[in-house]
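Here are the chains, one letter per residue:
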Amino acid sequence: MNLVSYDDAMASYDPVMGLEVHVELGTKTKMFCGCSTTLGAEPNSQTCPTCLGLPGSLPVVNAIGVESAIKIGLALNCEIAQWCRFARKNYFYPDMPKNFQTSQYDEPIAFNGYLDVQLEDGEIFRVQIERAHMEEDTGKSSHIGGATGRIHGASHSLLDYNRAGIPLIEIVTKPIEGAGVRAPEVAKAYVAELRELIKALGVSEARMDKGQMRCDVNLSLRPHGREKFGTRSETKNVNSLRSVERAARFEIMRHATVLDDGGTIVQETRHFHEEDGSTTAGRIKDNAEDYRYFPEPDLVPIAPARAWVEELRAALPELPRLRRARLQGEWGLSDQDMQSVLNAGAVQPILETIAAGAPADQARKWWMGELARRANESGTDLSEQPITPGQVARVCALVAEGKLNDKLARQVIEGVLAGQGEPDEVVAARGLAVVSDDSALGAAVDQAIADNPAIADKIRDGKVAAVGALVGAVMKTTRGQADAARVKDLLLQKLGAA
Amino acid sequence: MTDLIKYTAADTAAAIASGQVSAVEVAQAHLDRIDAVDKKVNAFLHVDTEGALAAARAVDDRRAKGEELGPLAGVPLALKDVFTTKGVPTTCGSKILEGWIPPYDATLTSRLKDAGVVILGKTNMDEFAMGSSTENSAYGPTGNPWDLSRIPGGSGGGSAAALAAYEAPLAIGTDTGGSIRQPGAVTGTVGVKPTYGSVSRYGLVAFSSSLDQGGPCARTVLDAALLHEAIAGHDPLDSTSIDAPVPAVVAAAKLRDVRGMRIGVVKEFAGEGYQAGVMQRFNESVELLRELGAEVVEVSCPSFTLALPAYYLIAPSEASSNLARFDAMRYGLRVGDDGTRSAEDVTALTREAGFGPEVKRRIILGTYALSSGYYDAYYGSAQKVRTLISRDFDAAFAGVDVLISPTTPTTAFPIGERADDPMAMYLADLCTIPSNLAGNAAMSLPCGLAPEDNLPVGLQIIAPAMADDRLYRVGGAVEAALNDKWGHPLLEEAPAL
Amino acid sequence: MPGITREEVAHLARLSRLELQAEELDHFAEQLDVIIGAVARVSEVAGLDVPPTSHPLPLTNVMRADEVRPSLTPEQALSGAPAAEEQRFRVPQILGED
Ligand SMILES: [Mg+2]
Ligand SMILES: [Zn+2]
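Chains as they are written, first to last, in numbering that gives the first Met the number 0: chain V, 0 to 497; chain L, 0 to 496; chain R, 0 to 97.
Just chain V, same shape as in the assembly (with noise of 0.2 Å):
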């Protein structure tokens, strides 16, 4: 199919979206009994009667899980329930161990609530939160025989339960309107600072890539100006942010395509492929679909007390959008420097180094400059390079004290990395400290004057910025290790320009 442009859809209609995340929380134990929520473990040994839905067992709610829901509720700032309950979603999947998910449905814990997102040209955007819930994750199933391992033409399939059970809270926008042709970016920077905001709450790694927050894009549009919205389509879990992005824009093509050629959008689950940027139809929701929603029986209500739920608040840290903005200050950093630390994942090393005793500039000038490039280069997080911001700071002072230059302080960092020991233990084995004594660099000075005697008599009729080029003959003999402000210094001394 050949799809209208962006451009022309957007010249037609007005994009409606809902967005749909769930995360899965960090808790030790999952959110209805005692099993390790451990990544990684060999199948079905996280497993218990209760989560492999055993006839006769029963479910204890995790109060850690509950305390993360509202924790969210109330940075998504969302009125927190006085009294709500868990119900049961009925379907059959095999996925799901009872054939129910123990969910909410209409008493969510957390309700009524919004989120600023800033958009890359600073504007601030409103996304109004229609409830965040608690829930359980499914098992993991693996579908044998296909040729891709997709569902399609396998035959048979193996499960895993170790996820089932794991707590999850599921986050629910109203109708993110008026967001115009930004709508993907909206999409994208809303499931961005979602993402940050869980992470700063310490309730969930959240990283999409380990599939601890997926996000289900709602789309659908309609002609400007027509206050009814469209029929939407669903696309589940589309697990990256550039995916987020990417799966609205191409169901709003989409959507325009099938609208001006006159057709109907059928309301459908619709899978995105990150190969192409597409997606295509899953299950159409017919009127079978009845999740039969009852009170679950087998819990009671839960009814937070308002002492616990302040104290919460009182205890939330500060939001990511104003802590960026604070930061940003205090680092005296322009909104595009401050976007590269943010993209790069500074934010954390840099604080940890100033905090170790480092000048903000410098912090962020080696996380920034030389530690990037290698995460970069090796495809890694910056936090994950074998080397703490005790160090860097270390590396820092060390400059700062004049003992090391930039040259010899990059080789440092290169010795530390290498795992050949702290900054210092670097220094001396490699012998790298800076030669600011005058008569160890006065030969090199004389040196260097005999070797350039047009620029010496230069610098002698005053011309004194050419004493650079001096200095960077010094530094060669010396092999970087000299003292380039001590040398410069000498230098004009000698020269009679002082």
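It should be emphasised that the hints constitute simulated quantities derived from the structure, not laboratory data. Yeah, the Cβ is synthetic: ideal placement off N, Cα and C, and Gly gets one too. Be careful, since some hints might not be right.
If you anchor each label on the Cβ, the simulated ranges turn out as follows [as the list claims (entries may be wrong)]: (1) A37(R) / E451(L): 19 to 29 Å; (2) P235(L) / R206(V): 29 to 39 Å; (3) P235(L) / K209(V): 28 to 38 Å.
Chain V residues, not near chain R, derived (Cβ > 10 Å throughout) [what the hints assert, rightly or not]: (4) E226; (5) A374; (6) K402; (7) D460; (8) G471.
Got chain V; can you put chains L and R with the ligands on it based on the hints?
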């Protein structure tokens, strides 16, 4: 020591504790009895000979070492096959769980083991506890020891029949709409539905989670109380478990004094459908209580007339969800997996083959009641009825200590009589259901034989939530007075098997 | 209250994953019609301003500490499985999507 099987649990425990008899001898006597009569009665689905003897030996060893034994140590018990037992099959009377061996014990099972109770085996029941006759078992009906051609009640007919047939002095049942009390009534035994939340449901295979409650079955009120104390109490694995001390039911059972108590007769439990002989024995019980010094008044609970309809919406609704887990994927029966069929089809074929008609009927009824278009009219209304019934109980208990009624409108009916008439079958639970909906405590104990058929009649006593001790106080007094009058326990009038 | 048709019973059977036989459909439709006729009386109270009771006892906030408890061994977990492979439950091909 000839008639070990006729001993009460209290006397058995005392005899073992004093060394008059060993726990192994007691266990063996009951295993022999099961061997002799259970082909006729079909009370047991599984007899755990090895496990029972091992448990008995452990009690004897502890006694030999001079260890203190609990009040039920060495006493044999018949466990309804709806509680999980680690390493011992658990079927819930269903084909779909045939051969399933749970990897874990129910909390109740662990408590029995900890108390030194000797679990003889698992008893027959209506499939997934859905029924009032034990005819819905996939493993054949259980006979009523009073007349093997009649039903022993249900769903816990196996447990009640095991008591009446002297196959065990104690048994465990579960009561969702009367499944402990109604079998107790029709077999001339004692059955108690404790306050909802007082006996852990962890390991009780759920039929209707908000109604199910495990409880004691015995031949005497005191034995029921001893078992009640052994199994009740807070369990952190059950979120609906009450975290409060268990009422002193054993002391209450021994009190045998109802002077000064106020007792209410529920007006609505009489009239059409109530057998004359049942009402006659019930009315005699009312007189007896007066003679014993209680004040008896009539009370009205108008919403009780809606209890049965509400129950037949709530219980099937919860059941339709609870039984969804039987899908042929993780345990139990799997039918039709020939390599061509999908998981969906295999699930549907397995459930079709593995569930009996009553279970299917209730699953469909429950699915219907929870459907979006019907939820408010059916499930939602049924939950409102529940509130009204609780209010009726509250109003009644404001003026009286306990309520009484016949346990069932009729005595045991013949096997097959109501098998394909669900509505007629459902009437058996008319008087027992309100207490399940409200969550309060209730007991059935024998109050005589109906003159027209010489079959046992049950007297139901109902107490407020967490006042289970009142059941035992009234029950103990009535039992003592009747045994005095008859000169022996009612069960001795049952024909020999 | 409306009764229940054979088609409705068939739909409910599909929702509840029961592959009912034709005779069963007829029989159940008949019986369920009677049962629903009898239980529909509860809707008399639908209009009453009465809170519904979902739990018989007024308990709230029953929660457990986030502390790991022993799991079953994989052998125990799989002990009842109709089929297993690579320490996982083996099930027939799954048709649905999500
Ligand atoms: Mg969800
Ligand atoms: Zn578990």
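Tested hints:
1. Our hint of 19 to 29 Å for A37(R) and E451(L) holds, since their Cβ atoms are close to 28 Å apart.
2. For the pair P235(L) and R206(V), the supplied restraint of 29 to 39 Å holds, since their beta-carbon distance comes to about 33 Å.
3. Distance hint for P235(L) and K209(V): a CB-CB separation of about 32 Å, consistent with the stated range 28 to 38 Å.
4. E226(V), annotated as away from the interface, keeps every beta carbon of chain R farther than 10 Å; the closest lies near 32 Å.
5. Interface exclusion of A374(V) from chain R stands, the closest Cβ pair being 33 Å apart, more than 10 Å.
6. The claim that K402(V) lies off the interface holds: its Cβ sits roughly 49 Å from the closest Cβ of chain R, which is beyond the 10 Å cut-off.
7. Listed as outside the interface, D460(V) is consistent with that label: its C-beta sits roughly 77 Å from the nearest C-beta of chain R, beyond the 10 Å cut-off.
8. Distance to chain R confirms G471(V) as a non-interface residue, since its nearest Cβ pair spans about 62 Å, more than 10 Å.
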